[in-house]
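Student: Residue numbers (our numbering), protein chains in the order written: chain A, 16 to 265; chain B, 3 to 440.
Hints are computed from structural coordinates only; laboratory data are not their basis.
All C-beta atoms, glycine included, are put in the ideal place defined by N, C-alpha and C.
Treat the hints with care, since some could be wrong.
[Stated by the list, open to error] The list that follows gives simulated cross-link-like pairs (lysine to aspartate or glutamate, EDC-like), each with its CA atoms no further than 16 Å apart: (1) B/Lys426 / B/Glu85; (2) B/Lys396 / A/Glu178; (3) A/Lys207 / A/Glu165; (4) B/Lys356 / B/Glu278; (5) B/Lys396 / A/Glu66; (6) B/Lys397 / A/Glu89; (7) B/Lys396 / A/Glu89.
[As the list claims (entries may be wrong)] If you want the ones that stay clear, here's a sample from chain A, every Cβ over 12 Å from chain B, calculated: (8) His83; (9) Asp201; (10) Asn210; (11) Ile227; (12) Ser242; (13) Gly243.
Listed below, chain by chain, are the residues.
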Amino acid sequence: MLTIENLHAEIDDKGILNGIDLDVKAGEVHAIMGPNGSGKSTLSSVIAGNEDYEITQGSILFGGEDIHEMSPEERSHKGIFLSFQYPVEIPGVSVTNFIKTALNAQRKAAGEEDMPAAAMLKKIREKSSLLGIDSKFLSRSLNQGFSGGEKKRNEIFQMAMMEPKLAILDETDSGLDIDALKIVADGVNALKTPNNATIVITHYQRLLDYIIPDFVHVLYNGKIVKSGTKELAKELEAKGYDWIKKEVAG
Amino acid sequence: MEFKDKLLDTYIAFEEELGPKDSIQKLRSQALKTFENLGFPTKKLEAWKYTSLNSLLQNDYLLFPKSEKAVELNQIKHAFLYEIDTYKVVFIDGVHSPFLSDTTHDGLDVCLLSAALSKPKYKKLIDTYFGSVADTDESMTALNTTYAREGAYIYIPPSVVAEKPIEIIHLSTGDQGAVWLQPRNLIVVDTNAQVQIVERHQSLKEHPVVTNCVTEIFAHPEALVDYYKIQNDMDSASLIDNTYIAQDKNSHVSVHTFSFGGKITRNNLNFYQNGEHINSTLKGITLLQEKQHVDHYTLVHHAQPNCESHQDYKGIFSDRSVGVFNGKILVDKIAQKTNAFQQNNNIILDDKAKVNTKPQLEIFADDVRCSHGCTIGQLDQEALFYLRSRGIPKKEAKALMTYAFANNVLESVQIPTLKKKINKLIANKLGVNLGFDL
Ligand SMILES: Nc1ncnc2c1ncn2[C@@H]1O[C@H](COP(=O)(O)OP(=O)(O)O)[C@@H](O)[C@H]1O
Ligand SMILES: [Mg+2]
Chain A
16 MLTIENLHAE IDDKGILNGI DLDVKAGEVH AIMGPNGSGK STLSSVIAGN
66 EDYEITQGSI LFGGEDIHEM SPEERSHKGI FLSFQYPVEI PGVSVTNFIK
116 TALNAQRKAA GEEDMPAAAM LKKIREKSSL LGIDSKFLSR SLNQGFSGGE
166 KKRNEIFQMA MMEPKLAILD ETDSGLDIDA LKIVADGVNA LKTPNNATIV
216 ITHYQRLLDY IIPDFVHVLY NGKIVKSGTK ELAKELEAKG YDWIKKEVAG
Chain B
3 MEFKDKLLDT YIAFEEELGP KDSIQKLRSQ ALKTFENLGF PTKKLEAWKY
53 TSLNSLLQND YLLFPKSEKA VELNQIKHAF LYEIDTYKVV FIDGVHSPFL
103 SDTTHDGLDV CLLSAALSKP KYKKLIDTYF GSVADTDESM TALNTTYARE
153 GAYIYIPPSV VAEKPIEIIH LSTGDQGAVW LQPRNLIVVD TNAQVQIVER
203 HQSLKEHPVV TNCVTEIFAH PEALVDYYKI QNDMDSASLI DNTYIAQDKN
253 SHVSVHTFSF GGKITRNNLN FYQNGEHINS TLKGITLLQE KQHVDHYTLV
303 HHAQPNCESH QDYKGIFSDR SVGVFNGKIL VDKIAQKTNA FQQNNNIILD
353 DKAKVNTKPQ LEIFADDVRC SHGCTIGQLD QEALFYLRSR GIPKKEAKAL
403 MTYAFANNVL ESVQIPTLKK KINKLIANKL GVNLGFDL
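Next comes chain A alone, as it looks inside the complex (with noise of 0.2 Å):
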């Protein structure tokens, strides 16, 4: 589904993806984990497709298909979906005027009708109460004044709504208490198909306990040094990053 081949990404002169790769297959869930600042949300974004970042080297292919040039809508219209970590508040918009926005902007990209709006809110409600959201929060404005926990379980319910056929999660995992924690990895689970497949970014192995991971990466400096299965989780738990760094010095 998603092939990333010696992928290089700068910003303002400076390389922060150093020769990345990954193979992500469809039914399956990725964690990329890694210490601050190594890189993990800057690759969600260049794949996502912010402009900000310039791919100098390496390619991205989804569903076979080069998205190098492709917009953050077109990507998004192919499927591919972003839980940001700082996602951002628009006030004034409230949380179902814009799912509905991205939801007929995605249709009319594949060329059909606005859904009707009695669909739409049956939708809303389905999704909504899968992630224990009141209609009350979905008339707020989007993320203005959310606790980091509301922002988060709200991009959960964005991802719910859209049913993209690849979810990256930045650090969905922060911010949230365990009860929420919990909502929000069963919300992601219930998502899951075989068609699908998921990307979790975190610092944490506490959000495997409950999304299992079929496979564990370990960014560092731009690089995904290490890779293996869900005990490397454990393993980094266990003894935090200081090995992974030595182990690359070394």
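With chain A held as given, fit chain B with the ligands onto it using these hints.
Tutor: For chain B with the ligands alone, coordinates are given in the frame of chain A:
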């Protein structure tokens, strides 16, 4: 002949036409002298540094257009809040249109200034209020006073709450070539009375029109006045607006100015606080394209202790449009415990657009809270990426962000129908259909 000379020469005939019943003859001849001395403002004046009227003064304007032509209701419906019931004072090319108006004397006066200026029963009121807060040394105001003849006259008696909004609408048809209009509004809101007013100037087709408008508002103790200006005129229309507001103790007055178009728009908005515990609110959204030019020149004069003022102006500028904001806050020595807040935030969408913003604080009291801030920036790229990553195309994403940026000004609009209308205007300006009412 220069346009200024024409204005001076026309006066004698105008005075004769009005005859002896005119209540403000003295004010007029004084104002004429002032205008003769000062002439039109030029960029040499500090207050007009960024706005030149030169391009407007090339035409030979008709000063007293006749309005005989009937206007189709459908053609102008968009200029009204037609979805709700309102009082209306409507002028076509400066002349009152009884057909489009809905005036009243039932419990409150919503009628014509021409009547108030000539009928003896209004004489006392006119003597008390007319010209008493307007700046007699300001040349455009003086010019307006010289020729003031028509406009809205509104009087809300003590403790009366106007049960529906009042619309003051000035239409210009463009059927008579270049016109120069000088509407004059007088609004007196007595003790503990309340009113909502919407003012709009609208051309019906592209033609050179300059409106030099003066509005005086008197808010008596405990009065509540909520005033909205919609400035969304055609590209060939210009507006010089002078609004003067005198507030007594415990009164609340707010003025929202929505500047979405026109050639040159200059808003001189002046608040004078003459009692304690006064609240003055000045808010605005300026959303410009092409070569449109809007200059906001605000003054809040805190002359008594324990008062507040809140200013919040948002500007969004595309193409080669120009925005100016000059916000003067004057706090007298006795005006202790003043709380004055001023904010002017601007977004520039194109390199060629320009913004000049300047706070001007003159504070002579020592125990005051004054805060001010101005910013000029671009749309937040991270936020734009967020919206686009949700599949929302760039243009729509920009529109949503623009809307979000201006939202806190819209939030305080108290007439829901008006708020909807302004949302629509914004969406139209931005050229988007977001699938929901903004
Ligand atoms: N917009 C940017 N401008 C400059 N440096 C950036 C920018 N984004 C990220 N970086 C740098 O790139 C590195 C990786 O950042 P990031 O991808 O956020 O790491 P992580 O998500 O793993 O914590 C850091 O050193 C960070 O300072
Ligand atoms: Mg990060």
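Student: Hint by hint, note whether the structure agrees.
Tutor: Do the hints match the structure? See the list:
Distance restraint check for B/Lys426 and B/Glu85: the Cα-Cα separation of roughly 14 Å lies within the 16 Å cut-off, and the hinted pair is therefore satisfied. Of the supplied pair hints, the one linking B/Lys396 and A/Glu178 is violated, its CA atoms being roughly 21 Å apart against a limit of 16 Å. A threshold of 16 Å between alpha carbons decides the hint, and for A/Lys207 with A/Glu165 the separation of about 22 Å lies outside it, so the pair is violated. Only pairs whose Cα atoms come within 16 Å are accepted, and B/Lys356 paired with B/Glu278 is rejected, the gap being roughly 39 Å.
Between B/Lys396 and A/Glu66 the alpha-carbon distance is near 12 Å, which keeps this suggested pair within the 16 Å criterion. Simply put, B/Lys397 and A/Glu89 have alpha-carbon atoms about 14 Å apart, close enough for the 16 Å limit, and the pair holds. Restraint check: the Cα-Cα separation between B/Lys396 and A/Glu89 comes to about 11 Å, which is no more than 16 Å; the hinted pair holds. Chain B leaves A/His83 outside its interface by the beta-carbon criterion, the shortest separation being 16 Å against a cut-off of 12 Å.
The beta carbon of A/Asp201 is kept farther than 12 Å from every beta carbon of chain B, the shortest such distance being approximately 23 Å. For A/Asn210, the shortest C-beta to C-beta distance to chain B comes to about 19 Å, beyond the 12 Å cut-off, and the non-interface label holds. The Cβ of A/Ile227 lies farther than 12 Å from every Cβ of chain B, with a closest approach of about 26 Å, so its non-interface assignment holds. The beta carbon of A/Ser242 sits about 26 Å from the closest Cβ of chain B, which is more than 12 Å, so the claim that it is off the interface holds.
Chain B leaves A/Gly243 outside its interface by the beta-carbon criterion, the shortest separation being 30 Å against a cut-off of 12 Å.
The structure does not agree with the numbered hints 2, 3, 4 stated previously, though it agrees with the rest.
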